[in-house]
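Chain order of the listed sequences is H and C. If you read the first sequence in the working numbering, its first letter stands for residue -13, the second for the next number, and so on. If you read the second sequence in the working numbering, its first letter stands for residue 6, the second for the next number, and so on.
Think of the hints as simulated: they come from the structure by calculation, not from any bench. Please read these numbers as outputs of a predicted model, since none were measured by experiment. Ideal Cβ placement from N, Cα and C applies to all residues, glycine included. Watch out, some of these pointers could steer you wrong.
[What the hints assert, rightly or not] Cut-off 25 Å, straight-line C-alpha distance, at most; resulting in silico cross-link-like pairs (BS3-like, lysine-lysine): (1) H:K57 / C:K67; (2) C:K67 / H:K(-11); (3) C:K124 / H:K57.
[To be verified] Facing chain C, from chain H, some residues (calculated, C-beta under 7 Å): (4) E(-5); (5) D77; (6) I82; (7) W115; (8) E117.
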Amino acid sequence: MTKVQFYGEPPPGIDQEWLPGRLIAIEGTDGVGRSTIISILRDYLEANGWGVVDSGLRRSPLVGPGIDQAKEGHTLDPITLNLFYATDFWDRFERIMLPALQAGMVVLADRYIFSLMARAIVRGAAREWLEQIYGFALIPDQTIYLDIDAEDLVLRILERGFDFWESGGDYLHDRSIYDGFMQHQREQLHEMSAMADRYGWDVVDARGTIEEVFEEVRVAVMPTVESMSRP
Amino acid sequence: MSTVNEFMDLPGRLIVVEGIDGSGKSTQLDLLHKWLRSEGYVTVFTEWNSSPIVRDTTKRGKRKQLLTPMSFSLIHAADFASRTHEQILPALQAGVIVLADRYIYTAFARDAARGVNRKWVRDLYSFAPPPDLALYFHVSLEESIRRIGAARAEIKFYEAGMDLGLSEDVSESFRLFQGRILEEYDTLCDEYDITRVDAHQSLVSQQVLVRDLVEPLLEDMPRREITNVPTHMQTGYVSLAAGGGL
């Protein structure tokens, strides 16, 4: 059972003290391979009889389309962008994650509140403010951090191409896309590894092959999954 | 994002109006706006729920009834953040007068009436510059319903707080929900430096009071040279637009 505990002020509308499911957050920066690992992990868990739901950023029916539209304009200030993402997170939590946890499923969150906080912090938003807002988030049973350094990360990005926002294009105007990417990612990675220490995440080295990384993630999450009654 | 201290030396003036639907606050702000312009002051007007970047999402959420108390609160904060960044702060930095139809207290009152944690909502809006003058147009529930009834045929889902399941009946739900908001406004007037205006008074005497309260703030505000102003503007008498509500 998952004890219902929040980082800060509890949000309205959640009466349960315990949830039968398990919430596992997979954190890591842009392009580190989260979605690939989550997709393999989901197949693996389902093949073994567990019910699994995954949820990634911008998939909320309420704000997903709005964020995509707003980001095309490239004029979003960090506070508005962050509040858009906070709304997206909450909508997905209420609509997808919470019902799945109530139904006894494993929820694999492709990023949780931490990426959102790190992105906003490197853009100048106050840490305290972010912690207050995201205090509405349920504390996951486990957080896995896919760890990588900017030098290894950029080699993967070269293959798939750079993204304006992942390169801090909205606030690092005077850099080349490469320099912008390296600076933005270094700062974000710095924030994320500080959080890994602070919140006690399970850190997985993401520099290996997909098979190696998956195996390490699998070994890390199975005790959490198996603490539910076996299917 | 910012602390109060960062707003200390903003040269502009921020004037906000608050009140439930049917309190007449928009009418009073409109009259004030026209008077200030007729006097040559540079003004920027901003209203709740109007950011070009966020508005469509909120509208869709309302139309499809996708909003819950928390997402309602968050998306309105996003709208406000966008307007703060693009309208309110630049105007205050430029040293002009900003007139806001509804401000953070609307969120404090409505979200609390929806059961959202009061401290959390206040923290959420901590990036907002504090107003130089906040006016609360206080009207009784009965009077507001009488006025809205005259202006509008149908009450919208979220305006009536139908998402809270207070009553199956729209009118009854509206009454209960607006009653809660009135109670929250009462508390807010004690908590913050908000000036209460008795909105049962005549429109003209309210406007006289509003102008008296605004006048001391106008010192040092930039003015344009006014030429060829129509006589009705010079006297301060203006025609009224029909009440809109939100």
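How the hints compare with the structure:
| no. | hint | verdict |
| --- | --- | --- |
| 1 | H:K57 / C:K67 | 22 Å, holds |
| 2 | C:K67 / H:K(-11) | 33 Å, violated |
| 3 | C:K124 / H:K57 | 30 Å, violated |
| 4 | E(-5) | 4 Å, holds |
| 5 | D77 | 5 Å, holds |
| 6 | I82 | 13 Å, violated |
| 7 | W115 | 6 Å, holds |
| 8 | E117 | 9 Å, violated |
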